[in-house]
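Protein chains in written order, with our numbering: chain B, 488 to 783; chain E, 833 to 1611.
No lab work stands behind these hints, which were simulated from the structure alone.
Just so we're clear, the structure is a prediction, and the values are computed from it rather than from any experiment.
There's no promise every hint is true.
[What the hints assert, rightly or not] Here are some chain E residues pointing at chain B (derived, C-beta under 10 Å):
(1) 848
(2) 853
(3) 947
(4) 955
(5) 1278
(6) 1535
(7) 1537
(8) 1595
(9) 1604
(10) 1607
[Claimed, not checked] Simulated crosslink set (DSS-like; lysine-lysine; CA at most 25 Å straight-line):
(11) B:735 <-> B:725
(12) E:888 <-> B:527
(13) E:888 <-> E:1108
(14) E:840 <-> E:923
(15) E:1108 <-> E:923
(16) E:853 <-> E:841
(17) B:719 <-> B:755
(18) B:755 <-> E:1477
(19) E:1475 <-> B:735
(20) E:1477 <-> E:1259
(21) B:644 <-> B:755
(22) E:1278 <-> B:735
(23) E:1145 <-> E:1004
(24) E:888 <-> B:530
(25) E:1477 <-> E:1282
(26) B:735 <-> B:755
(27) B:735 <-> E:1281
(28) B:492 <-> E:888
(29) E:1221 <-> E:1281
(30) B:755 <-> B:692
(31) E:1047 <-> E:1004
(32) E:1282 <-> B:755
(33) E:1269 <-> E:1259
(34) B:644 <-> B:530
(35) E:1282 <-> E:1475
(36) B:725 <-> B:755
(37) E:1047 <-> B:755
(38) B:735 <-> E:1221
(39) E:1282 <-> E:1269
(40) E:888 <-> E:1103
From the three backbone atoms N, C-alpha and C, an ideal C-beta is built for every residue, glycine too.
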Amino acid sequence: MYDIKETYRAHSIEEALALLEGHPGAVLVNGGTDVMIRMKEGKLTDAVLISIMDVPEIIGISLRENGDIAIGAGTCFQDIYHNEVIRGAVPALAHAANQVGSPQIRHVATIGGNLCNGAVSADSVPILLAMNAELELAGAQGTRRVALTQFHTGPGKTVLQKGRELLTTIVIPKEEYAGRYGSYIKFGQRNAMEIATLGAAVCLKLQANKTRLEDIRIAFSVAGPTPLRCAKTEAALKGMALTGDMVKALRQGVIQEVQPRDSWRASKQLRLQLVKELGERALRQAAEEAGGTIHD
Amino acid sequence: MGIGKEVKKIDAVQKVNGTAKFVEDMLPQGALHAKILHSTIANGLVKSIDCTEAWKVPGVQAIITCFDVPQTEYATAGHPLSLDPNHEDVKDRLILSRRVRFYGDEIAAVAATDPLSARKAVERIRVQYEEYAPLLTPEAAIGAQPLNPAYPTNELARLDFSIEGSEVTWGKASFATGARIAGRQDLVADHFYVPAVHGAHIETNGCFAYMDGPKMVVVTSNQVPFTARRNIANALEMPLGQVRVIKPYMGGGFGNKQDTLYEPIAALLCKKLGGKCVSLIMTREETFVCSRTRHAMDIFTSLEVDGEGRMKKRAIRINANGGAYAAHGHAITAYAVTNYFQTYAAEDVQIGESSTAYTNLPSAAALRGYGIPQLAFAMESQMDDLAVKLGMDPIALRRLNMMQNGFLDPFDHFVVKSCGLGDCVDKGEAAVNWSAKRAEYDAFNKTSKKIKKGLGMAIFSYKTGVYPLQIENAACRIILNEDGTAQIQVGATDLGQGSDTVFTQIASEILTIPEERLFLLSFQDTDHTPYDAGAYASRQTYVSGGAVKKAALLMKEKLLERAASIHGRQAGELTLRDGWIVEEKSGEPLASIAGVAAYMQYCNDHVLHTEHLTAEATYTCMSNTFAFGACFADVEVDVPLGKVKINRIVNVHDSGTILNPQLARAQVHGGIAMGVGYALGEQLLYDPNTGRMRNDNLLDYKIPTSMDVPPMETHFVETYEPTGPFGNKALGEPPLIPQAPAIRNAVLHATGVSIRSLPMSPQNLVAAFIEAGLINEDE
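One chain only, chain E, in its complex shape:
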């Protein structure tokens, strides 16, 4: 089959019939169960802990508290090691916290013979706190009592700059919330707000740890096993090589499993118990509160255009709520603030300011889109507001200003070599019959009072991987069997996106061995699989795919060389075809791959030094590229109920060459559903007095159900990206970026009301419609 084909997901059958083993399915018999004691204050200090009553619960095997843990602070983010100490992830976490930083912080843990006993013991632990006022927003936190003494103002980091041409000048602004950006009279901003949301992946975070001789083995649902190994080793003050991380099948992660969470707690309990297996499976409620969220952001944008609509001045300020622990530090906010100047650029003035604050909310970190869904909401809402003001068609305004091929990225200094953004817009415009439909709805809305109809759109650009900010590398090993089948081993993780299938296609494309004869286990083991930085940044096919390509080419080269030497030919005259080594020009078959493999491994002619044919390669990706896309949303607003019904939603993507169209469509479908949730329903709600999360469950946290997801249409504009292994670019995260602004702009078209915050829930829309006079009882 190979690339570009609709190869069936290689793990589809196991996942459908339930034989695929996830962390919880693999728990060894007799494993102990751990439960966490969470703080019931958001900000303060644990004065004392009394475990007397907890020890009396039958079945309790170990209790550890924040007074018992190693005092080396470690990082939780899933980034590759940075050899530059200035670019290391922030180390601000202990395995259990005495200095409580959010409501739900982990302060003690119990391991018992069963989960109920562990829970009962946890409930019997008595804690005395010294309590401080919760600081829940950047405004409240910055300048208040420090949460981390290393950051005395509670401002974790800033990134401030101005751009002239493609030259960036870095500056240092101070935290501000007013409408004037950089204090300038000419840069008056609109204010947008997006709340914290959660990935709500199906499989909650979970792990278990046991010791095998000197080795600490941690089996965990984690997207970045090699980085998790480093973080766990740091947390436990163990040599890295003594930790072994195993990642079995994974039930989603969305970036939330890019951070090291409870693995060190399970490992420490295990160590305390002399190596006994301890499991720690988060409940759904814990996953909401104690894993990671998408950043809440206040986004201030200012935009000035000339008489024709060409951008002259462009300025933005983002104040992000980072929560209790640094996790990814400022990386996500930095991604967002810079993207504002990538999707569009202005000729005269371009100023960006950004801040991430420590607060007493659950920690924010990576979540599919890495800051860009937030930015896109503000940026693309602003575009439509401006179009209304100018009396211009929103698409025309975008066409005048959006990124073109040849764009030089001022931050990462690479030139865009493939750009299908314009074609994406054209394709979507035609698919929804833009102008005619907009006119039809304008006419409809003139007479319809309660029901209003609208058509809106939004665009985006999104980088592929994180080069040059971080190292981008991946390794792959291919092991040939004597029957011509092969194992492909990668450190890259498939968390549902289908990377394992695409890697198999890549190997098949080069080795001409059909996919069903190539075996890739969705099972990464840091002791056995080659290194990979893991699943994030939509990098898998672009970077890890490059590793598979390189290893497959190496294997091909070996096969041709060995066949040439066996048969007395020149390797340069040979190639692979349908599992055979053939003469390239004539097509004459020389030997099957199986034949060469068997011969090389078992030939006993007392002369040949045999060889088990394997190929291993590390690919260092020294490029970056933008993926692009657009979303078109056709909506019906029930004004008195504040309810938005999406009649139709169309996503168009330029992700370069599409390697598996079926998987690509599925990826977009999932993104649309997630984007619809972000637009219309999802938000984490906190008690403003205590900082306690109120809706830590799937009843009150409103992810869309199948009854809420509209018919979805996907289209691709296939460009060829010269830096991609096969012309391909990112498609993991991009699908969920543009829905919120597209739907918001459709609501604007329908009602004339400019919504500036998410979600567009009935409550928020009814309030906005009452304020705008659309709902008026006195009429």
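With the rest of the complex left out, here is chain B:
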């Protein structure tokens, strides 16, 4: 029942870009967990598919010489979840990787696909947003680097030039993870095999005495047309003591910065409640990870 016209297999980034150029309208496929659904639903017909499953440059996780973490876009969630570098430096991302779909999906679905589809519910996005991750996009003219905060432009839309560019690497710069602690909380009606009703991530750094916030980033999925950061609340919380007032400031701040909508999947009322509650819980979790104690 899959309406596939032609398939190609790339073995390098260069070959993938060449195949894209040679086949306008072709679709890149790796894990296929989103592409297959689009074909099944009849949204993608007469499909020309270019497989990037065998492009070694985009698979795997490494620590660059400067200490940046580089995650190949073709790395599947299962491998991210089990990776020692990720578990050591950004355990919240390992946790987020383990929240995607089901075990079967996590064995094939890739982080690159999750990002490039531009879904507002993508599980990998909130924590990467909160960690100021950057993306490397390869094109005929070479590679450009885009901050993830600038990547999403609308529901299902990103700055990636489809048909001309390929996401190769997700970079977490050293200064964005060293000394910082993160958390991601996914909320779904079920405890597994879910699409996020809402996702909340917090990444923070405490001052040396661990009683105040030195820096904090707060990100949400499904709280607006794109995954988003709460910059004003982040600014307001910076320097605050770890008290109930800080928690209250987060709760009151974040709901001013999100624009969740009423949809048949969830009401605006529920999403606003989740923004406050999950924001608080993510904050508490990250603070605890960082060794801080919140005095309510």
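For chain B, the structure is supplied; the task is to place chain E on it using the hints.
This is chain E only, laid out in the frame that chain B set:
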């Protein structure tokens, strides 16, 4: 082994290693694939259909539209034939519909060499509609433009009555939605609402049809092959005997495969193509939209008790949303409204009103529990609300009022001869340490704001089979082989519940032949298997089991008689033991069953008229009985997230004698999981403007995953039901009835909030908690 033993499921190995063949596994090579064109409006008329472009798709073999089908309306429900024309199922379906009644209605079909070509052709068919406003609720539909001219008000049926003592007086009320039942000032009701849900069985509905000479052979995943045969014959205007229905292994059905769905479409395409094999396997999305749902119901209940808590007045009104086609008519709503007066009875006033409406939603019909899960939610929620109001323990209030042994059912006029309901409650109460745990949680909840804990329970009663409303019969044939093994043939269908295994145990119990030497194929064929009404109403062990018992006793009698005559003894002195005919008193072995079978079949002494030993019997079940049970749920509510975590859930059942404890526990486990889904997550969502189903997939339709199902505990109270073949009663459907109200009552205990509708999803609970002031940002 025999009954009462943990005999391993006879099809376990085939199902685990994948050799069990389901419909789709049996598709013959070269079979054509059919796809359906579904309407994109919920209410209207097909003005014209243009198939020109569709015919151009390579591989297309046949196209039929709603303008090409026989004009005889047929019934889809899987009920046995009623010889009383007043009790026949409603005939309101054509193979394809010109008069569109729901979004997704079948209006054309294409058969092609492969599924993709069929789909491409379907997409190229152009349709012009005359469109009417969708009528999605009983309130909207009743009194509006008729969907079926035979029912000009869109009210399919009503059942209204009052009961005095055990006398029912039938009346005729009119459709109402207000709080006062029967317009009486003293009967002010609370309003409960339960949405439509789906069975979501693993194997989607599917079939294929081919002709073998004059015979139309339909292989289908259907719970009631003999009724399907009748419905298919009616739809195709063929003689019944010319249709042959085959049912292979089945991957679940829950009642959804009790209706005839796409079998007539596949058969008509096949007929058009001169008998070529045409398959029609529903997608998951089609199974959601185009099979059957559980009825959405508005339930209004009113209850008055005296100073001690004894019920004085009891009244109920149920308005059910029947959807586009009648299917089971009013039977399910009638089951629900009457059960309100069976589980409990009041002394002074008892009034029931009920209605089923035609609407423009997918058709509602049988789904495990047949109306009782809906009723139980309202009835048992009401009990706990009343207990809170009276300051009484909810269990104490139930004990004062619930059904006891000797109860005379006012509707079906039978007397309850086994009732373990009280023992079920006692057993569950002890298992969860009810009073101490409730007190512990009360204390916990005084100081805990975000997390609240609760313990709740609910009870139920459920009939076994449908006697006396319908005929309850079943047949079985036992064929003895010369080595003392035997084939057991039944028309009853095993859709996963394990009936085939239990039938084998019953035969083994009587014939003393071990189960591994008895062969029962999970393969019903209306040309070869004896008649059975099929799998529904939790009737298999009670009714079909009776047929197996009767056939096995007949075979035993034959064996003893033949052995007696061969050996010059009296049959009355003999019995069967461990595969041998023995002298009853002394135990002296006379001959093995194998020996008698071989002798009778092959003896060539030029005197004996040989005999292939077979036994065939039809059992007519002229009784009914209630199975009972209770569920206890221990929950933790994360108030700000509206999320319920079930710490522990305990089901206690009185299903009479338990014939296979392992299978019985498994049946209860499945029921609990399904009940948890009904309680916390499942609901079919429709676009209010178009009537289109929004969540026709397993991502958005939230059946629980293994991560959502709590640790499950099952207990049985074994009563002996004198009318059951071995003292047994229903256990197929009962397991999923009480979870939703038990969990709801636990949430009530935890939070003090009285939830009146399902599901208790985070969205609905957060809204309820905000309204109740439990979630309050200003604090």
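Find the hints from earlier in the document that the structure breaks and name them by number, from lowest to highest. 1, 2, 5, 9, 14, 15, 30, 31, 36, 37 and 38
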